[in-house]
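Student: Heads up: the sequence lines are chains A and B, in that order.
Read in order, the letters of the first sequence correspond to residues 4 to 377 in my numbering.
Read in order, the letters of the second sequence correspond to residues 110 to 450 in my numbering.
Hints in this document: simulated from the structure, not taken from any laboratory.
Using N, Cα and C, we set each Cβ at its ideal position, and we do this for glycine too.
Please note that the accuracy of each hint is not assured.
Below, a sample of chain A positions facing chain B; criterion: calculated Cβ distance under 8 Å [stated by the list, open to error]:
| # | residue |
| --- | --- |
| 1 | Y77 |
| 2 | D170 |
| 3 | H189 |
| 4 | E196 |
| 5 | L200 |
| 6 | E203 |
| 7 | E207 |
| 8 | Y211 |
| 9 | F217 |
| 10 | K237 |
| 11 | K262 |
| 12 | P282 |
| 13 | V284 |
| 14 | I286 |
| 15 | L291 |
| 16 | C344 |
In silico EDC-like cross-links for lysine to aspartate or glutamate, where the CA-CA straight-line distance does not exceed 16 Å [what the hints assert, rightly or not]:
| # | chain 1 | residue 1 | chain 2 | residue 2 |
| --- | --- | --- | --- | --- |
| 17 | A | K237 | B | D268 |
| 18 | B | K407 | A | E219 |
| 19 | B | K408 | A | E218 |
Heads up, incomplete: computed chain A residues facing chain B, CB under 10 Å, no partners named [unchecked claim]:
| # | residue |
| --- | --- |
| 20 | R165 |
| 21 | T168 |
| 22 | G172 |
| 23 | I173 |
Spelled out from the first residue to the last, the chains are:
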Amino acid sequence: MVAGVLEASLEFLKREFFKYYYENLDRLVPPGPIGKREFGFFLDKKGGMLRHKCFNNLKDFHEFVLKEIPLDIYVSAARYEDPGNRDMGEKKLIDAELFFDIDAESAALDSDESAWICLKCGKYDYGIKEKCPACGSDIEYLETVNEEQLNKALKETDKLVRILTDDFGINSNSIHVFFSGNRGYHVHVNQEEFLSLTAESRRELVDYLLIQGFEEKKLIEVLRKKSLIINDLKGVIGRIYRRVLDSISSGKNEVVYTKSRLLKYINQAIEELKVRIDPVVTIDTHRLMRMPNSINSNSGMAKRAIELKKLLSFNPLREAVVLGEGEVIVKVKIAPRFKLCGRTFGPFKDEEVELPAYAAAYIVCKGMGEYAGG
Amino acid sequence: MEGNVIRAARYPFLPEAREFVSRHIDLSLESLDKTGSEAALKRAVERVKDALILKEVRVTPQHESNYVREMLSFPLAIILVSAISNEYIRRIYSLGESRGAYKRMLRENDETLLFIGERLGVRGIMDNNGFIKISIPTYLNLAYVFHEHRWKLVNRIVDKGYVWVSRTEYARLIQVEVNNYVYEKTLEPIPVTVVPQRLKEAMKTIIETWNKLEESKPSHAISEEAGENPPCISRILKRMEAGENTSHFERLVIATFMIAKGKDIEEIIELFSKQPDYKYNITKYQVEHLSGLRGGGKKYSVPSCRTILANGLCYPDEKCKGVKHPLGYGGRSIGGKPRVS
Ligand code: SF4
Ligand SMILES: [Zn+2]
Numbered sequence: 004m005v006a007g008v009l010e011a012s013l014e015f016l017k018r019e020f021f022k023y024y025y026e027n028l029d030r031l032v033p034p035g036p037i038g039k040r041e042f043g044f045f046l047d048k049k050g051g052m053l054r055h056k057c058f059n060n061l062k063d064f065h066e067f068v069l070k071e072i073p074l075d076i077y078v079s080a081a082r083y084e085d086p087g088n089r090d091m092g093e094k095k096l097i098d099a100e101l102f103f104d105i106d107a108e109s110a111a112l113d114s115d116e117s118a119w120i121c122l123k124c125g126k127y128d129y130g131i132k133e134k135c136p137a138c139g140s141d142i143e144y145l146e147t148v149n150e151e152q153l154n155k156a157l158k159e160t161d162k163l164v165r166i167l168t169d170d171f172g173i174n175s176n177s178i179h180v181f182f183s184g185n186r187g188y189h190v191h192v193n194q195e196e197f198l199s200l201t202a203e204s205r206r207e208l209v210d211y212l213l214i215q216g217f218e219e220k221k222l223i224e225v226l227r228k229k230s231l232i233i234n235d236l237k238g239v240i241g242r243i244y245r246r247v248l249d250s251i252s253s254g255k256n257e258v259v260y261t262k263s264r265l266l267k268y269i270n271q272a273i274e275e276l277k278v279r280i281d282p283v284v285t286i287d288t289h290r291l292m293r294m295p296n297s298i299n300s301n302s303g304m305a306k307r308a309i310e311l312k313k314l315l316s317f318n319p320l321r322e323a324v325v326l327g328e329g330e331v332i333v334k335v336k337i338a339p340r341f342k343l344c345g346r347t348f349g350p351f352k353d354e355e356v357e358l359p360a361y362a363a364a365y366i367v368c369k370g371m372g373e374y375a376g377g
Numbered sequence: 110m111e112g113n114v115i116r117a118a119r120y121p122f123l124p125e126a127r128e129f130v131s132r133h134i135d136l137s138l139e140s141l142d143k144t145g146s147e148a149a150l151k152r153a154v155e156r157v158k159d160a161l162i163l164k165e166v167r168v169t170p171q172h173e174s175n176y177v178r179e180m181l182s183f184p185l186a187i188i189l190v191s192a193i194s195n196e197y198i199r200r201i202y203s204l205g206e207s208r209g210a211y212k213r214m215l216r217e218n219d220e221t222l223l224f225i226g227e228r229l230g231v232r233g234i235m236d237n238n239g240f241i242k243i244s245i246p247t248y249l250n251l252a253y254v255f256h257e258h259r260w261k262l263v264n265r266i267v268d269k270g271y272v273w274v275s276r277t278e279y280a281r282l283i284q285v286e287v288n289n290y291v292y293e294k295t296l297e298p299i300p301v302t303v304v305p306q307r308l309k310e311a312m313k314t315i316i317e318t319w320n321k322l323e324e325s326k327p328s329h330a331i332s333e334e335a336g337e338n339p340p341c342i343s344r345i346l347k348r349m350e351a352g353e354n355t356s357h358f359e360r361l362v363i364a365t366f367m368i369a370k371g372k373d374i375e376e377i378i379e380l381f382s383k384q385p386d387y388k389y390n391i392t393k394y395q396v397e398h399l400s401g402l403r404g405g406g407k408k409y410s411v412p413s414c415r416t417i418l419a420n421g422l423c424y425p426d427e428k429c430k431g432v433k434h435p436l437g438y439g440g441r442s443i444g445g446k447p448r449v450s
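Extracted from the complex, chain A is given alone in its bound form (with noise of 0.2 Å):
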């Protein structure tokens, strides 16, 4: 969420945020064992997260969230001996979840799909900017979670999906896919085999999905020798492999290939067969993750867990739009048009609208607009 709410817009979030936790509290439940993890929060966004909580149990870390009605709450990916402790060697670590998470890349578009604010004067307009063009200061982007950006990082975590079962062997059981509630899509994987994983061993893990450090020279050699079974060539190396040769076949028939061509073909392979994860995320074995099912407060809705089997097939902004329906209003400075629950909203600017609670909050959370009342 932007920085810089107002008090009314803040109370506003509060209100909803609580409605959806009473409710739904038994869904609000973090990984075990829940003495074991360290838990952060933001309060309000003015002040820094508060971290370093742990709780002996659920009822206690349920009342807190009642009480205090975080915008956004953390559990960590470790479990620790003392979570509590604010020195993280201290913690003693026992072991960490894996921890994936895809992001949708931004999608600047031009026109009204998109809008921007300058952070110095405050001046604010659609479209794309370098700099204000008012002050020439620094500018942010406000950005609506774009659909078609989402379908691609989730085909992205199908493919990290796919490699986590069929080339390291972990077990559907064991994968959890979540939307993050903004975003993008992150894959929890408590695996028992994998809990132990140094940072430089999943810092491995994170190479093989990226597929850096692959050495080209020993592929060529077998490319041009052909002097390996095919069949045997499993994991990335065979993935690679059937694509170059997909592409050869596909290709004018020349005779030989050269090695600039034949490495021409891997490169492309490369981009076509990596998955795109964020890479720090997944070394960092002390990373807080964002709770499954708690409100995400950049967008308002919320982390989603996604069936395996209904992976593609998933509607983020829809199945995860958790806020009300009550029509509220809100003073809108500016807001790209964007798709929720099925409907589009906007784009509006410098007027008052009243909509569904959870599109008010969106466009809250989104620094748009302010709460007006309703």
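On the provided structure of chain A, position chain B with the ligands as indicated by the hints.
Tutor: Relative to the frame of chain A, chain B with the ligands by itself:
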């Protein structure tokens, strides 16, 4: 039976060697002075000296045939090293035991090799082509010590949770496990409060050998100021600072370490500027290459402590205790901004 005992003598870190020792011999240190375990203690000293001098503990058929002494000498050597409590000796001894074991393992048949792996928790399954598959987490936990690209998971055949390795590579991975096992053992406190006289004498011989070796080494004045860099790194930096010519490996260590620490390319190049053969463009090219900015984006990883030790460049201090990788020196405790996703 005979074969099994020989095997246990050849690989005294195997659980059956431990069982044999505890079943047949009274290993309490107090009894050491009384019972004539002289020979075993002598052999224990030899093990540590082998490691110090040759960086490899040799086990000959003669040693093996005297299997009781051989098996007993291993826990005694551990006790000696643990009691001396010198980080370098701990490390070089572990390296020596593991290297010796590696060479012996290469000569074993498939069945024995797989058996040793299994007993040490590095379970391998051999396929029809003579390749061995091991589980991904097991692989990753051991292969991190090798910084060559071919050990990277992305360059391996991977399927359904397994990584394929050759026989030799499998032995290499077991070697890492042996190294880790022996090292951990030497970190354990010795089981008595009063060290028996005979042990003290044995410790003295080892320390004398070490001192002699140290004297013959080139100066390695470690900076007093406790910086955040591990001593191996500080030492090379000092040498570079003084304009001494450093080896290819030393340069690799410094460059990869600084890259991993997020240092600027230009800053890193500057570190090399006093090298006798310094040329800005060449250094720039090399550093960029290592950082993955050139040559297909392959970032080189920082060599592990084990590799640095094997290259004779490990000068551990107290803070190195338990450290497996120079980047882990000083316990990376990261405060500051919370990192959330
Ligand atoms: S960090 Fe590792 S290699 Fe460096 S001095 Fe310490 S133990 Fe030796
Ligand atoms: Zn401005």
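Student: Hint by hint, note whether the structure agrees.
Tutor: Checked hints:
1. Hint status for A/Y77: holds, given a least beta-carbon distance of 5 Å to chain B, under 8 Å.
2. Below 8 Å, beta-carbon pairs count as interface contacts, and A/D170 has one with chain B at about 5 Å; its hint therefore holds.
3. Because the closest C-beta pair between A/H189 and chain B is about 7 Å apart, less than 8 Å, the hint holds.
4. With 8 Å as the threshold, the beta carbon of A/E196 comes within range of chain B, its nearest partner Cβ sitting at about 4 Å, so the hint holds.
5. Of the supplied interface hints, the one on A/L200 holds, with its beta-carbon coming within about 6 Å of a beta-carbon of chain B, less than 8 Å.
6. Taking 8 Å as the C-beta contact cut-off toward chain B, the hint placing A/E203 at the interface holds, the least distance being around 5 Å.
7. Restraint check, A/E207 versus chain B: the minimum CB separation of about 5 Å is within 8 Å; hint holds.
8. For A/Y211, the shortest C-beta to C-beta distance to chain B is roughly 5 Å, which falls under 8 Å, so the interface hint holds.
9. About 5 Å separates the beta-carbon of A/F217 from the nearest beta-carbon of chain B, less than 8 Å, and the hint is met.
10. At about 4 Å, the closest approach between the beta carbon of A/K237 and any beta carbon in chain B falls short of 8 Å, and the interface hint on this residue holds.
11. At its closest, the beta carbon of A/K262 sits 12 Å from a beta carbon of chain B; the interface hint therefore is violated under the 8 Å criterion.
12. The interface hint given for A/P282 is violated, since its Cβ lies 11 Å from the closest Cβ of chain B, which is over the 8 Å cut-off.
13. A least Cβ separation of about 5 Å between A/V284 and chain B falls short of the 8 Å threshold, and the interface hint therefore holds.
14. Hint on A/I286 is violated. Least Cβ distance to chain B is approximately 11 Å, over the 8 Å limit.
15. Interface restraint check for A/L291: the shortest CB-CB distance to chain B comes to about 4 Å, inside 8 Å, so the restraint holds.
16. A cut of 8 Å between beta carbons decides the hint on A/C344: the least distance to chain B is about 25 Å, and the hint is violated.
17. With a C-alpha separation of about 6 Å, the suggested pairing of A/K237 with B/D268 holds against the 16 Å cut-off.
18. The straight-line distance between the Cα atoms of B/K407 and A/E219 is roughly 10 Å, inside the 16 Å bound, and the hint therefore holds.
19. Distance hint between B/K408 and A/E218 is fulfilled; the C-alpha atoms sit about 12 Å from each other, no more than 16 Å.
20. A distance limit of 10 Å between C-beta atoms decides the matter here; for A/R165 the minimum to chain B is near 12 Å, and the interface restraint is violated.
21. With 10 Å as the threshold, the beta carbon of A/T168 comes within range of chain B, its nearest partner Cβ sitting at about 9 Å, so the hint holds.
22. Interface restraint check for A/G172: the shortest CB-CB distance to chain B comes to about 2 Å, inside 10 Å, so the restraint holds.
23. Proximity of A/I173 to chain B holds as hinted, the smallest CB-CB distance being about 7 Å (cut-off 10 Å).
The earlier numbered hints that this structure contradicts are 11, 12, 14, 16 and 20.
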